[in-house]
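Just need the whole structure built from these sequences, with the hints factored in.
If you read the protein sequences in the order shown, they are chains A and B. Heads up, the first sequence is in our numbering, so the first residue is 1 and it goes up one at a time. Heads up, the second sequence is in our numbering, so the first residue is 1 and it goes up one at a time.
Hints should not be assumed to be uniformly reliable.
As the list claims (entries may be wrong) - Calculated cross-link-like contacts (lysine-lysine; reagent style DSBU-like; alpha-carbon spacing at most 35 angstroms): (1) A:Lys52 - B:Lys26; (2) B:Lys52 - A:Lys67; (3) A:Lys54 - A:Lys26; (4) B:Lys48 - A:Lys58; (5) B:Lys102 - B:Lys118; (6) A:Lys67 - B:Lys115; (7) B:Lys99 - B:Lys29; (8) B:Lys115 - B:Lys126; (9) A:Lys48 - B:Lys113; (10) A:Lys6 - B:Lys84; (11) A:Lys52 - B:Lys115; (12) B:Lys115 - B:Lys102; (13) B:Lys54 - A:Lys84.
What the hints assert, rightly or not - Quick look at which bits of chain B chain A covers, simulated, 3 or more residues with Cβ under 8 angstroms: (14) 50 to 56; (15) 102 to 115.
Hint data in this document are derived by calculation from the structure and do not stem from the laboratory. Using N, Cα and C, we set each Cβ at its ideal position, and we do this for glycine too.
2 protein chains.
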Amino acid sequence: MSKNTKNWSYLAGFLDGDGSIYVRIKPNKSYRFGFQIAPTIAFFQSQKEEEKLKLLQKDFGIGYLRKRNDGIVEWIIGDEQGIKTIIQNTILFLRLKNKQAKLMLEILKMKSKIKDKKDFIVLADKIELFRTLNYSKKRKKRIY
Amino acid sequence: MSKNTKNWSYLAGFLDGDGSIYVRIKPNKSYRFGFQIAPTIAFFQSQKEEEKLKLLQKDFGIGYLRKRNDGIVEWIIGDEQGIKTIIQNTILFLRLKNKQAKLMLEILKMKSKIKDKKDFIVLADKIELFRTLNYSKKRKKRIY
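The following block contains the structure:
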């Protein structure tokens with residue numbers, strides 16, 4: 001098999017091993033309810049692997065690379081269509097991040113249907129569930 | 001596709017994302033040239049993921065799990081047959097750790113053919129190449 005095909009079971013393993021699926025809620029007054037909702041899939045590698053990660057990003061044709069100042073290069077998928085494409089194609093192969101993947105799809109669906117502040121709060125609560133699935137010590141608890 | 005099959009392209013992605021391929025040389029007088037050569041493939045997860053990692057280990061039927069004191073659980077493959085099985089089945093799918101995989105196979109071959117101290121030194125030099133591929137700051141430089 002050529003490496004230059006979209007090998008989704010490979011990407012599922014890479015996502016389980018190296019990836020992160022999360023949604024950030026950032027205070028931003030230009031958004032309707034005062035918060036921006038930023039769903040993301042990200043992969044993290046040493047900058048030594050930048051070229052290889054770039055090839056992977058190109059083969060899948062999704063997202064972009066971002067160099068951090070600490071020697072890490074990130075492959076970021078922040079657009080909803082890209083996130084859906086990855087999850088829908090990897091979810092049957094995932095073995096560790098199934099719950100995060102499923103939760104992300106639910107959140108994207110809810111997000112597309114927000115009508116009022118009540119909907120927004122239900123969505124924000126749902127997003128809080130990532131807290132129990134992932135384990136960031138930095139994430140803040142917010143009151144909406 | 002059932003998750004409970006040996007999905008090697010998944011494992012290739014998981015190895016690229018989460019795994020480590022390395023050989024340690026440990027001083028040990030009970031070994032012929034005063035050093036034990038310990039080839040290893042290891043995966044590292046939070047202990048939250050212990051059960052899922054255990055399932056993965058069982059499905060592939062290779063290696064064992066080890067709990068560390070720092071909240072990490074490792075899936076360790078230290079037997080040469082297990083290491084060969086993983087590498088031979090994943091190498092065509094690997095995109096980041098190809099060089100480490102190839103180097104490991106070469107080292108296992110050389111290791112099986114050591115006849116004298118000269119062979120051992122050539123092997124030890126070969127093992128040093130992992131230093132340039134991986135990036136441990138802790139690994140020591142040794143003189144044989």
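Results for each hint:
Restraint check for Lys52 of chain A and Lys26 of chain B: satisfied, since their Cα atoms lie roughly 32 angstroms apart, inside the 35 angstroms limit. Straight-line distance between C-alpha atoms of Lys52 of chain B and Lys67 of chain A comes to about 31 angstroms, which keeps the hinted pair within the 35 angstroms bound. Only pairs whose Cα atoms come within 35 angstroms are accepted, and Lys54 of chain A paired with Lys26 of chain A is accepted, the gap being roughly 28 angstroms. For the given pair, Lys48 of chain B sits about 33 angstroms from Lys58 of chain A by alpha-carbon distance, which is consistent with the 35 angstroms threshold.
With a CA separation close to 22 angstroms, the supplied pair Lys102 of chain B and Lys118 of chain B stays within the 35 angstroms bound. Between Lys67 of chain A and Lys115 of chain B, the direct Cα distance comes to roughly 47 angstroms. Violation of the 35 angstroms bound is thereby established for this hinted pair. Restraint check: the Cα-Cα separation between Lys99 of chain B and Lys29 of chain B comes to about 31 angstroms, which is no more than 35 angstroms; the hinted pair holds. Our distance criterion of 35 angstroms between C-alpha atoms is met by Lys115 of chain B and Lys126 of chain B, whose separation comes to about 16 angstroms.
Among the hinted pairs, Lys48 of chain A with Lys113 of chain B is consistent with the structure: their alpha-carbon atoms are about 33 angstroms apart, no more than 35 angstroms. The suggested pairing of Lys6 of chain A with Lys84 of chain B holds, with an alpha-carbon distance near 26 angstroms, which does not exceed 35 angstroms. Straight-line distance between C-alpha atoms of Lys52 of chain A and Lys115 of chain B comes to about 38 angstroms, which puts the hinted pair past the 35 angstroms bound. The straight-line distance between the Cα atoms of Lys115 of chain B and Lys102 of chain B is roughly 22 angstroms, inside the 35 angstroms bound, and the hint therefore holds.
The suggested pairing of Lys54 of chain B with Lys84 of chain A holds, with an alpha-carbon distance near 29 angstroms, which does not exceed 35 angstroms. Coverage of a stretch by a chain is defined here by at least three residues with a beta carbon nearer than 8 angstroms to that chain's beta carbons; for the stretch 50 to 56 of chain B and chain A the count is 4, and the condition holds. For the stretch 102 to 115 of chain B, the stated coverage by chain A is not satisfied: 0 residues place a CB nearer than 8 angstroms to a CB of that chain, which falls below the threshold of 3.
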